[in-house]
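Here is how the chains run, residue by residue.
Protein chains: 2
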Amino acid sequence: MKNFAFYNPVKILFGKGQIANIAAEIPADAKILITYGGGSIKANGVYDQVKSALAGRNVFEFGGIEPNPHLETLLKAVELIRKEGIDFLLAVGGGSVVDGTKFIAAAVFFEGDPWDILAKNAPVTAALPFGAVLTLPATGSEMNDGSVVTKWETKDKLFFASSQVFPRFSVLDPETTYSLPPRQIGNGIVDAYTHVMEQYLTYPANAPLQDRMAESILKTLIEEGPKTLANPQDYDARANLVWSATMALNGLIGAGVPQDWTTHMIGHELTALHGLDHAQTLAVVLPSTLTIRRDRKWQKLLQYAERVWGIVDGDQEQRVNDAIAKTRNFFESVGVRTRLSDYGVGLDSIPAIIKNLEKHGMTALGEYEDVNPQVVEQILALCA
Amino acid sequence: MKNFAFYNPVKILFGKGQIANIAAEIPADAKILITYGGGSIKANGVYDQVKSALAGRNVFEFGGIEPNPHLETLLKAVELIRKEGIDFLLAVGGGSVVDGTKFIAAAVFFEGDPWDILAKNAPVTAALPFGAVLTLPATGSEMNDGSVVTKWETKDKLFFASSQVFPRFSVLDPETTYSLPPRQIGNGIVDAYTHVMEQYLTYPANAPLQDRMAESILKTLIEEGPKTLANPQDYDARANLVWSATMALNGLIGAGVPQDWTTHMIGHELTALHGLDHAQTLAVVLPSTLTIRRDRKWQKLLQYAERVWGIVDGDQEQRVNDAIAKTRNFFESVGVRTRLSDYGVGLDSIPAIIKNLEKHGMTALGEYEDVNPQVVEQILALCA
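Line by line, the protein sequences are chains A and B. So this note's numbering is basically just the index in the first sequence, starting at one, shifted up by 28. So this note's numbering is basically just the index in the second sequence, starting at one, shifted up by 28.
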């Protein structure tokens with residue numbers, strides 16, 4: 029096992045009706061800004077629950093945060109906060125709203141151009157406190173300190189992390205996710221699944237507990253994902269998806285083990301350049317990454333085949349192939365297509381993707397830091 | 029899944045050499061009190077590492093905290109803290125030192141008799157901040173907010189919990205545990221294993237991720253426990269035991285599921301009255317609890333048999349029996365005896381144990397709160 033530091037102070041309020049408890053988590057005299065997305069929270073009752081929980085409080089609103097939140101939009105919230113003297117944020121929505129709110133929280137106190145937090149890894153030394161009411165199980169942002177923001181003007185989709193931007197609390201009420209369309213549930217399943225794979229499918233590090241916990245999440249997603257798609261109002265199935273997505277990226281399964289993240293880095297460029305949903309890019313890239321990197325990941329692929337998919341027959345080659353095929357089939361089975369051609373993206377797009385990765389310094393990806401532009405080209409060629 | 033709140037802000041510093049990093053976790057101007065036990069930290073080099081990490085800091089010491097820490101001893105530390113104006117504690121030792129330090133931290137600010145925190149569930153509204161350097165993998169106290177203290181005068185061993193007494197940080201360096209005698213390693217394995225069983229072996233709650241995570245810890249303990257006993261300086265085996273023991277009781281596997289704790293409550297009285305090690309009481313009581321409560325735990329016993337022990341042959345009755353027998357054999361195999369007679373305790377001791385449980389209000393134990401004194405008597409009779 030590798031040395032590690034683990035720290036995650038996010039308070040989770042999980043279950044039916046938990047929105048009613050948020051007032052106790054926010055200072056009584058706070059000037060609160062509710063941040064949200066396209067307005068679905070007004071259609072599905074979540075907005076009303078939040079307003080009711082915060083009755084009598086000093087509440088402002090900022091809507092319109094996009095999927096893959098735009099720097100340009102988020103900076104408008106920063107202006108509003110400074111103008112009104114707001115001192116607590118409440119993100120109500122999915123991972124994009126939570127990610128965007130993390131950036132807003134950090135940008136408020138940042139001196140200089142806040143885009144430097146992502147473009148130049150400028151350190152975040154302070155941030156506004158905030159909580160989250162999560163309405164889409166997928167990104168894990170509700171229980172970690174990472175955030176992905178897109179500069180729309182230049183199509184740069186970049187990541188930052190800082191212990192300053194852990195949510196103070198996150199409400200996870202599975203019922204608030206009942207109204208999500210199947211596409212978003214399928215995306216959430218693929219996103220959570222891939223988060224686990226990035227931290228698990230590398231090389232053996234003699235960390236059996238982390239391995240088994242990762243496999244636990246994968247097996248639960250395989251079991252509960254289809255159930256919750258088939259019956260969106262099955263409370264337990266949805267609750268298990270929600271908790272799995274959170275556990276997939278709260279730092280625990282990645283503690284003390286090598287991590288990959290090749291698929292995510294390539295995926296970010298695909299979203300920035302071609303507008304695919306984040307999870308769609310992962311469903312396309314992950315099977316190809318596993319295939320091209322099979323020699324480097326051999327032992328873990330065999331373990332994955334046996335423990336997650338129960339594949340024990342055939343020679344090693346065959347088991348590895350089967351495991352990758354089953355991964356692809358699972359993504360397809362939850363409604364997320366796994367070929368670039370499914371999204372109208374041709375192989376002629378590869379040079380621009382690689383150029384963007386180079387621009388962002390992503391030229392030595394993966395658990396061995398040896399996924400260079402040539403390897404990325406091979407991976408993308410296989411995504412056709 | 030049940031509703032739950034999860035909150036655990038303990039920062040974990042895991043791995044070789046991490047003691048060197050504690051200075052950065054403690055305010056520079058703090059008056060620090062190092063709390064410890066019988067002095068083994070002076071023999072095994074941990075004390076020197078801590079002193080070296082805190083060179084130039086204002087450091088006081090308080091040694092002599094016993095296994096099953098005594099109220100009477102801990103109150104002397106409280107006196108010292110008040111006299112010297114100490115404002116940060118550093119527990120260096122095993123679970124008893126950490127538990128004792130939690131009580132000290134809470135007692136310093138408590139108005140009235142601090143024993144009321146345990147005897148009367150008096151609320152803890154403030155506590156001194158503290159960190160921990162863990163030298164014995166077992167109790168999980170290094171990453172939770174619970175503590176068990178014994179009032180020696182009256183032989184009362186009681187529990188309290190408060191979010192005020194989470195450690196600010198805990199150092200888990202597996203190398204600091206190399207010098208532990210086999211008895212303490214065996215005890216640690218049994219303690220961690222039983223912590224998992226108390227949160228897992230109840231009734232199905234449709235929480236498959238929590239189940240699988242619990243099974244992950246059990247399987248890792250079964251696999252790595254004997255390895256680390258056979259070769260105490262196998263770094264990875266010891267690291268896996270240490271991390272498993274911490275994960276067994278940091279709140280995660282118990283979130284959203286029913287919990288039992290019958291075995292622990294009976295065990296506490298056995299330690300208080302007869303001086304058995306904590307883990308010895310668990311090794312004695314758990315197999316009997318599972319046997320007497322088999323009907324109430326039937327479904328989970330079958331799941332445990334299959335997933336943890338690979339028992340799939342035979343009828344249900346046989347599988348349940350096998351799983352309980354394997355549990356007992358595992359405890360014996362790591363050197364912890366599982367019969368009251370192994371410790372010279374006869375069945376004539378049962379009435380006093382039950383009387384003590386009644387005195388402490390423990391008359392409706394277990395996940396159904398139906399383990400009354402009559403059921404406890406049956407369990408203890410089977411422990412002979």
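Accuracy of the hints is not assured; some may be wrong.
One copy or two, it doesn't matter: identical chains are merged, so the pair holds either way.
[What the hints assert, rightly or not] Cross-link-like lysine-lysine pairs, in silico, DSSO-like; alpha carbons within 27 Å at most:
| hint | residue 1 | residue 2 |
| --- | --- | --- |
| 1 | 39 | 328 |
| 2 | 383 | 44 |
| 3 | 104 | 328 |
| 4 | 30 | 44 |
| 5 | 247 | 354 |
| 6 | 30 | 255 |
| 7 | 30 | 383 |
| 8 | 255 | 183 |
These are computed hints drawn from the structure, not numbers from a lab.
Evaluated hints:
no.: 1; hint: 39 x 328; in the structure: neither (33 Å within a copy, 29 Å between copies)
no.: 2; hint: 383 x 44; in the structure: neither (46 Å within a copy, 40 Å between copies)
no.: 3; hint: 104 x 328; in the structure: neither (46 Å within a copy, 53 Å between copies)
no.: 4; hint: 30 x 44; in the structure: between (38 Å within a copy, 9 Å between copies)
no.: 5; hint: 247 x 354; in the structure: both (13 Å within a copy, 26 Å between copies)
no.: 6; hint: 30 x 255; in the structure: between (37 Å within a copy, 19 Å between copies)
no.: 7; hint: 30 x 383; in the structure: neither (33 Å within a copy, 49 Å between copies)
no.: 8; hint: 255 x 183; in the structure: neither (37 Å within a copy, 52 Å between copies)
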